[in-house]
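Chemist: Below are the chains, spelled out letter by letter.
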Amino acid sequence: MARSADTPPLDYPLTSKAALEPPEEWAGLREGCPVARVTLPSGDEATLLTRYDDVRAALSDPRLSREGLASPDAARVAAGDTAGIFASPMARALNDEGHERWRRMVGRWFTARRMSALRPGMEELTARLIGRMREHGGPADLVAHLAFPLPVLVICSMLGVPESDRDAFKGWSDTFLNTTRYTKAETEAAHRDFAAYMSGLVDAKRAAPGDDLLSHLLAGADSEGEPMSEAGLVATGQALLLAGHETTAGFIAMMTAHLLSDRTRWERLVADPSLVRRSVEELLRFDPNGSGFGMLRYVHEDTEFSGGTVPRGTTVVCSMAAANRDERAWQDAAAMDLDRSPNPHLAFGVGPHSCLGQPLARTELQAVLTVLLRELPTLRLAVDPRELRRHEGLLTSPLRELPVTW
Amino acid sequence: MKITVDQEKCCGAGQCVLIAPEVFDQRDEDGIVVLLDAAPPTALHGDVRESAEVCPTAAIEVAQEE
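Line by line, the protein sequences are chains A and B. Residues 1 to 406 (full-length UniProt numbering) are what the first sequence spells out, left to right. Residues 1 to 66 (full-length UniProt numbering) are what the second sequence spells out, left to right.
Hints are supplied without guarantee of correctness; some may be wrong.
[Said to hold, decoys possible] Okay, derived cross-link-like pairs now, DMTMM-like style, lysine to aspartate or glutamate, Cα gap no bigger than 20 Å in a straight line:
id	chain 1	residue 1	chain 2	residue 2
1	B	K2	B	D30
2	B	K9	A	D384
3	A	K17	A	E375
4	B	K9	A	D222
5	B	K9	A	D61
6	B	K2	B	E61
7	B	K2	B	D28
8	B	K9	B	E50
9	A	K17	A	E267
If you are wondering where the hints come from, they were derived from the structure by calculation, not from laboratory data. Keep in mind that this is a model prediction, so the values were computed, not measured.
Just chain B, with the same shape it has in the complex (with noise of 0.2 Å):
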């Protein structure tokens, strides 16, 4: 899995904070989006797929690297 976040679409929503914590976080001068892991473990594919697919501004991208 290999995730790219774009940080001028981002809102700072921080749905994908509460859902993946270990794979997103937001910068402090501002709530956007910052990337903390772009290819994490597959114990957390599940979590960033539903981060991305409830991102209220499309902000994040998952291709499937096999």
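Chain A with its partners taken away, still in its complex shape (with noise of 0.2 Å):
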């Protein structure tokens, strides 16, 4: 059935029946609801835009920003009045630097040469996971073994964290991806003693540098010559740390999961990995929960859309994962095609704020695919895909457990 405006808002963010399967809203609201009234976690209320010219232009359009969402009646994602990670210290800090300015600066140590040459210690470092879940044995929990410890094994040595500090930074990360399990006090908890860590590592950078990108950093200036801000360098520190895992450890997970659960995907893989690149970026533009919650922009001028005009002060929710759905936009959207060329899908947003780990993230995904179907080619789900569950409470919904044999 159609929505209409005069349609209470729903309650945001939607859930889906099953793990691997989008919410069953998405078409509806594509089709007849493009513009859709929701209610975010907080209470407040904001506006999902769920086709994907909708949320490309949006993304892209320089009357609505993420530097708007600090501003008083931008709607807050979390219950509970704790402030949300776009209104958190680390993302006014980050604002402070000027995007351009923060962007080319961090941007030059993510190019996609630097990361192509990482890729063989990204193989290694794989290898070796598997080899201990092959020793534990199988039905093994993919995540646990893998899917978790290798993102953040790279982004610690890539930034120059000691990867031991991986169960604090993993629950200050959760804790800023919170929108119902954490309450306003452990938030700011977590807010606060990121950042002391962050700072502590800084300084630590500072007298003894090394070869790591927090070093560089620290060493390194704008165009003008002009160095990061103190505040703005933990907070940098902070954001990769939390963006370096968080996304790419779910993400290993559900791409498996996805090949796994029709086997056929899987198969043609192990005959023909050369179909790896582009199997990985279909898999992106798929998963239903690869861009979780969405991407939330402010809206600073009266701003027409195809469903019609978002009012200024409106919070916009971008759904890119539901884009990437969109039967207008996509040949058999709902089909995965491992062959799909060329997939300029949303799944690390667009413009100029996309995700500047994306060439990480990809080259990460491509190595673990490759060498995951090379060293267990025999590779299974050991449970029906219908009782993987996902975390739930949080800005992404990673799967809890994926529990596989071979």
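Reconstruct the complex from the two isolated chains, following the hints.
Modeler: Rendered as structure tokens:
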């Protein structure tokens, strides 16, 4: 049934019946209510965009901004009057650096060639983690054995963060991504403790620089010769550590689950690993969880979308995952096509704010999948895919476990 | 084929370099796109078109010369 503007707002995030399936409401929203009123976990109202063209336009339009989300009338995300990630002290410190300037200072360390140079190391680490999973014997949890530890090891080594601190920053990261799981006091403590931790690391790098990203950023400057502020450095370290492990870890497990839930996909890749690059892109498009909650924007001037005008002062939720399944934009949108090309999916966002770490994520995903196919060609799910469960109450919704055998 | 890139628009996502490293690169100082070959051989045209179509900021333009 089509929804109209008079229908009461939908509770957001929408949930789906099964972990690998999209929410049932998506198709109806794209068709009948592409500019939909939703209520966020905070109780604040926002506007949900689900069509490809609208999401793409919203993420690229300068009349909408991410910085505006810190303004007093922007919708808050998390329940219990807690500051969501977009209004966190970390987000404010990053905004203060000036986006384009910050992007160029940090982006130079994430170029495709630098990431490609890290790929042999990633493949070696993957093989080692798979070796340990083999010793453990099947069935084993791919999340605990591979999907989580690999991106943590990679980002820790890049940034120069001790891997032994992973339990601490995993906890802080989850709290930053909170929607309903943590209290205001817990969130404030995480904001404070994570910043203090990173500040301590930055001080240690200043005293004894290493060959790592934090040390390089400390020594670096913008095109005018101006270095990043102390608060900016700390926030950058936090953002990279958080973004560098959380989404990639979630997606390694999801990607594997999607391939194994219909094993003809897996077998096709085992037979022809040259499909890995395109398959990773198609999995990024296909996965209904990959971009999680979606990206938020604050509307500074009335803006026209295909489903109507969104007034100034609105907070918009751009569902990249719903857009990635839009029948208007994709042929056989609901089908996984490992040969799909070109594949301009929106999993990393689009426009000047699109994911800074996407070359890292792509390289890591391609490396993991290549090694998994080579080392465990007989890999299969140890449970029915309908039994897979996701984490809830966070902006991201990764699988709790992925039991596999081989 | 004649390629142009817009360094003002580029956000350094690096997709083009991952797809067509013979044609695109990124500047060391800020990760912004650099064009290595504005008129690449026919064998690379498919990769170049794909790079342009997936660029998140539409910073690559491809003109066909016949």
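Chemist: For each hint given before, does the structure comply? Return the numbers of the non-compliant ones in rising order.
Modeler: 1, 2, 3, 7 and 9
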